Structure formats: structure tokens, C-alpha cells
Amino acid sequence: MPAVLFYILSLVMLAAALLVVLQTHPVYSVVFAIISFVSLAGLFLILGAEFIAAAQIIVYTGAIMVLFLFVIMLLNLRREDIEERGVSLMKTAGSIGALVLLGLLGGVLAGKISLGPQGPFSQEVIRQAGNTQAVGRALFTDFLFPFEATSVLIFVALVGVVILAKKKL
Amino acid sequence: MSVLWWLVTLLKVGVIFGAVLGIVAYMTLAERKVSGRIQLRFGPNRVGPFGLLQPLADGLKLMFKEDVIPDHVDKVIYVLAPAISTIAAFASYAVIPIGPPTDFFGLLPEPVPLQIADVNIGILYIFALSSMGVYGIVLAGWSSNNKYSLLGGLRSAAQMISYELSLGMSIVGVLMMSHSLSLTRVVEDQSNLWYVFLQPLGFVIFLIAAFAETNRLPFDLPEAEPELVAGYHTEYSSMKFSLFFMSEYAAMFTISAMAVTLYFGGWQGLPGLGSLGIPPVLWFVGKVVFFLFFFLWVRWTLPRFRYDQLMNLGWKVFLPLSLLNILLTGLGLVLLE
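Residue numbers (the working numbering), protein chains in the order written: chain A, 1 to 169; chain B, 1 to 337.
Don't read these hints as lab results, they were simulated from the structure. Keep in mind it's a predicted model, so treat the numbers as computed, not measured. Yeah, the Cβ is synthetic: ideal placement off N, Cα and C, and Gly gets one too. Do not take every clue at face value.
[Said to hold, decoys possible] The following residues of chain B were derived to be distant from chain A, with all beta-carbon distances above 12 Å:
#1 Phe17
#2 Lys61
#3 Leu80
#4 Leu107
#5 Pro113
#6 Gly122
#7 Ile126
#8 Met132
#9 Asn192
[To be verified] Pair by pair, the computed Cβ-Cβ distance ranges are:
#10 B/Glu66 with A/Tyr7: 53 to 61 Å
#11 A/Ala93 with B/Val68: 40 to 48 Å
#12 B/Lys147 with A/Ile163: 25 to 33 Å
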């Protein structure tokens, strides 16, 4: 059962991810990105990581993609606008992305990149402690500094946006 | 997972889905009846005794209406949007417990929980689905290719994101006290004392944010008639329109059930007095009905807010207050332990 689900979800996720790039219309790209994120959440569920799955949906589909959609709708982006403006930039960015992806894929295929050492959190451990509790404990003990540093980073970005948007308060 | 398990689960899904549909149908009648009484009218009373068959007549009428898909819309997304809204609104009900585990008077070999799925991230599941529900409205607004719809969709996106934050933060207090994200555990923890007495500030924030989250008056700006015609569903007709309508009422039902589960002890009886011989399911239904009535009562009592007032309230009042609530709860928990 989980194996079948894994293949279905991965297929949907990859197809949707591909369609995000292939769509010329920004709103359709957003819709496919949402489908891709939801499938990813499904994959997390199969792994027994309910908290990560829920966070994936709440944060990515619930907040980030809504903001994407919001901006696209607000600017009322159409196909033509994009083709006029940023093609060369998009192509450059796309090429760099493709090169990185090919490098990674080559690395995996050549056996240079392999799985890291197994951490203490196997599926059994997580099932016993509860996924939410396990994530919380790891975040607030072992990874406290990166966690807090990320929050400071986000805060700085927030302040930056306020200053950019409202020059005089 | 035996055959019996599948049978019981399918039965639960069927019964709860049917019950939610029935409640949604009768909420439309209740809305018109309550509004009638508040405005010193009778409300619908012609179809059946006391107008009780009115929802049936309305449903039939909506089904037989011509389903117009305007030429200028984006067809795929236009059709998809009401479906997203409805699925998100109805599916969130799966994790709310309506009663303690029961074996149905000895019919079943072992007690089954009276909820479709006891997920241990129940609350996050509901939030995930409600955040998906925003897309129904936003995409409907965009795909209609109509400026009023678009503005309605934009407003709703901004409103729901802003208030989802306060809503989520306000219940963190409850989660901190129950040490669990599972709604079953939250209900069991309230056998002696409802959380509303321990979390009054959190509850008030939750309740007000709930009105904004379900797009109900006084916060129904996405469909403010004087400014936006009918808002995001201006271009929708027939069953597609009624799907939006149904999902609004279903969302109201879910949020009422959540308020009862998180703050009013779910299916538990009165604190200190116990269930008084009334079955737990009836306690649950009774409390939910009270909250549904509260929603209607508020709608016909308060005028609509202005959009900037709504945003200021959300970000500058409710968000800081809900953070304060978390701080106070944490302090209380540390001092008591």
C-alpha cells in the first residue's frame, strides 16, 4: 500500500513540478505548484512525519503560494507581459538551475554523492516519541542556534520590506 | 484493518457527511428564520410546517437553474474553484470527535471512536484544509475575469491570511495546556474544567478571528454588496454558486465545532456536574447549535467593518494579543509546575 501511494504521489508531484515550469500562464503555474506541494505533504505522511506534512501544507500552500497568487493577481500578470520583459533573465536563471540539477544527478549516478550517516531519528523512534514532539525537541535543543538565527533572518527581511515599502513612517 | 473496520469507517464517513450536509441545509433556513425574528418578521413559513421544507425547495430550485459559464472566464479554474472550496470545507470535519468511543450498545465487538480519524495532528489538519479553502475563493475571483470578483478574491486572500495567523496563535494556549495536537486528547483534558475558563483571552481572539476566517458579518468584506456586487461569486450561477454557499456554512459549522472542542469541553457535560444523564453526542450537538446561533445572531446585529479597520484590527490588535496570550499561558504553566 505505501509503495503504491509513494509512486502515485511522486508521479503527481514530478508531473506537477514540470508543469509549473512549462506553463506560460503564471496563475496556472501557481496551481500546479500547489498540487506539487500537496503531493510532497503526502510523501511526508507516508514516512510517518505528520507534523512536517501539515507544516508543509500550512506554510507553503497556505501562506507562501497564496502570497504568490496575490501578487500575480494584483499585478494582473498576463502571458505577454512576461514574454516581453524577463526572457533573457529567466533563461539565464533556468540554465544555471539546469546545470546544478545535472551536476547533482551526475553525482548521484556516479556514486559520488551517497546517503549520509543515519541519525538517531529512525521511523520507530519517531513513532514512539510522536512526530511533533520529536521535531520540537530537536529544534529547541540541538538546532536551537540555527532555528533562532533563521528567525532573526526573517525578522531582518521583514524590517527591510517595511522600510522599502514605507519610506516615511 | 479488517472488513469490519472498513465498514464502520465508511459508515462514519457517510453519517457525518450526511449530518453536515443536513445541518448546512437547515442553517440556510435558520439564517432566514433568525433574521426574520430579529427584524420582527416571520421568515419563510409557506413550504411545509414552519417552512421546514424550504431548504429542500431551495436545493431543487438551485439544481434546476441554468448553469451559465460566461464566455470571458478561464474555464478550467472557474469550474475547479467551487470544488476546492467545498472539499476543503467538508473534509475538515473528519478529525473532530463528536462523542467518546462507543460500541453502540454492544453491537460492535470493541468500542470505536466517534470521529472519522483520530489524527494526532488534528488541529493542524484543520488549519491545513482551511488554508486550502482560501484558494477556492481567490481562484474563483481571478478566473471570473470580472473586476468585482477579482477585488473580492483579493480581499478574501488578504483577510484570511491575516486572520489565520491570529486564529492559529490564539489556540496555541490550549495546545500548551493539553500537551497535544490531537483533538481527542484536548477534549479528554477538559473533563474537570473547560479551557474557556483558563484561556478567556485566547477564546475571545479565536471567536473574533473565526468570524473573519469564515467571511461572516461583520467581516464579510469579500462579498460586500454595496461595493462589490456579490464579490468573488458574482459570475457563478446554479449549483456552482450554491457550492460556495454550502462551503461557507460548512466552514461555519466546522469552526463552531472547533470552538466547542477546544474551549467548551467537546462532548463532555458541564464542568463539575457531569453529563446529567444526557448522551455526550447531544451535549456536543447542543453546544455547536448554540455557536451556530451565535454566528447568525451576530450577523443580524452588527454592521460591516471597513476594510482598513479589519486589517488594522487583525495585525495591530489581535496578533499582539494572541502572542501575549501565549506568553501568559507559558508563565502560568511554569509558575504552577
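Of all the hints numbered above, which does this structure not satisfy? Sort the numbers upward. 3, 6, 7, 8, 10
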